[in-house]
Amino acid sequence: MNNFTESLREIDWIRNTLWFLFYVVGVALLFLGWVLPALDDFRRANIEYRKSEFLYNETKKDYDAIDKELRDFKELNAATLEALAQTSDAQVLQSVLSGFFEDLKVSELSREKRQIGFEVARFVIEGRAANSSLLHRFMDEVSKMGRVVKVDFPVLLKSESNTLFFRAHLELYKSESIPAIKQ
Amino acid sequence: MGYSFIAPQPKRILLKITRIWLFYVILTFGILLFFVGFLQMQRDYMLKSALESEKSKQELLVQIAALKSEMERVRFEKSFADDLRTQNGMLSESVKNLFELIPDQITLQAIEMERDRLTIKGITPSKEIYSFLLEVPLRSIFHESRADFYALPNGWFSFVSVSRLKEEP
Chain H
172 MNNFTESLRE IDWIRNTLWF LFYVVGVALL FLGWVLPALD DFRRANIEYR
222 KSEFLYNETK KDYDAIDKEL RDFKELNAAT LEALAQTSDA QVLQSVLSGF
272 FEDLKVSELS REKRQIGFEV ARFVIEGRAA NSSLLHRFMD EVSKMGRVVK
322 VDFPVLLKSE SNTLFFRAHL ELYKSESIPA IKQ
Chain U
2 MGYSFIAPQP KRILLKITRI WLFYVILTFG ILLFFVGFLQ MQRDYMLKSA
52 LESEKSKQEL LVQIAALKSE MERVRFEKSF ADDLRTQNGM LSESVKNLFE
102 LIPDQITLQA IEMERDRLTI KGITPSKEIY SFLLEVPLRS IFHESRADFY
152 ALPNGWFSFV SVSRLKEEP
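If you're matching them up, the sequences are chains H and U in order. When we follow the numbering used here, the leftmost residue of the first sequence carries the number 172, and every step to the right adds one. When we follow the numbering used here, the leftmost residue of the second sequence carries the number 2, and every step to the right adds one.
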């Protein structure tokens, strides 16, 4: 106890108090003038960072959803889109249609690029079918030939010595936006 | 032999208490300096990341626009191909219906179909049979239908029937 009072008596209270005041005021000034603005900057940067991360994540979600939708749609309609990518000439058409007609003649009338984004090749086909059911089968299956085809007017059917002469125009469509598949 | 009443003490520039307080002042300043430096680093990192995120977001938006445009195009192409299939189906049905329309008494020689016109050439035993069995259904389908007859040596008639659809205004 005696030692303690002696040590207390040895303390320079005035100098200590002055140092304490200097320390407190110094730390307060440093905090207000230096740390607080830095904290404020940090807070604003953090808000900006979180906002941009949130927006990026939402945009990424949108992108993924649209990308998936497109991929699913393409997968679901792969046959149609593949048919639209096919380029055809008279020779190809001749081999595809030879199962339906005898004495088949295919000639290309024109090939043009239309504004709606398709290359349209117009052909005239002539041939003889043994009976009308073969003609009906052709008409029914023309859309399943792996190409996008339109049977167009004029269509001529003529009875010729127990066979049916058939002449029609065919329009084959190829998409300009899908890379071509050449055969 | 000593000349002083007290024992010699080492002299220091700064008092002990000053040294202790200075140590804490410097320590506190160091801690604050480290803290502020850390905050600045984090702030710089976040601002850089935010900029990169913004850039990536803009790139994604461009890609989204391209995907949407592709989606629109692919949907249009699919619906276009479906329309063509429907038109082919309708034409096929028309030909089938036309064959069913022709009565057994009438022999067909040729049919020519155009967008708005149907020409039928054939042989009929009499004009009345043509009128009752073929002209009536043709008139119900087309806006106008007329036929020219040519007498054949066996008493039958060869006919050329032209039926037209008027264009809708």
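Quick caveat, the hints were computed from the structure, so don't treat them as lab data. The C-beta atom is built at its ideal place from N, Cα and C for all residues, glycine as well. Do not rely on the hints blindly, as some may be mistaken.
[As the list claims (entries may be wrong)] Reference excerpt, derived from the structure (chain U facing chain H, CB under 8 Å, subset only): (1) S5; (2) I7; (3) S57; (4) M114.
[Said to hold, decoys possible] With a Cα cut of at most 20 Å, we get these calculated SDA-like pairs of lysine to any residue: (5) U:K58 - H:K284; (6) U:K128 - U:L139; (7) U:K58 - H:N228; (8) U:K122 - H:K276; (9) U:K122 - U:R147; (10) H:K321 - U:V96; (11) H:K284 - H:D243; (12) H:K329 - U:V96; (13) U:K79 - H:K276; (14) U:K79 - U:G90; (15) H:K276 - H:K245; (16) H:K321 - H:N333; (17) U:K97 - U:K79; (18) H:K245 - U:K122.
For each hint, the structure was consulted:
no. : hint            : in the structure
1   : S5              : 22 Å, violated
2   : I7              : 16 Å, violated
3   : S57             : 6 Å, holds
4   : M114            : 4 Å, holds
5   : U:K58 - H:K284  : 37 Å, violated
6   : U:K128 - U:L139 : 15 Å, holds
7   : U:K58 - H:N228  : 8 Å, holds
8   : U:K122 - H:K276 : 24 Å, violated
9   : U:K122 - U:R147 : 12 Å, holds
10  : H:K321 - U:V96  : 15 Å, holds
11  : H:K284 - H:D243 : 29 Å, violated
12  : H:K329 - U:V96  : 13 Å, holds
13  : U:K79 - H:K276  : 30 Å, violated
14  : U:K79 - U:G90   : 16 Å, holds
15  : H:K276 - H:K245 : 35 Å, violated
16  : H:K321 - H:N333 : 28 Å, violated
17  : U:K97 - U:K79   : 27 Å, violated
18  : H:K245 - U:K122 : 47 Å, violated
Comparing the model with each numbered hint stated earlier shows that hints 1, 2, 5, 8, 11, 13, 15, 16, 17, 18 do not hold.
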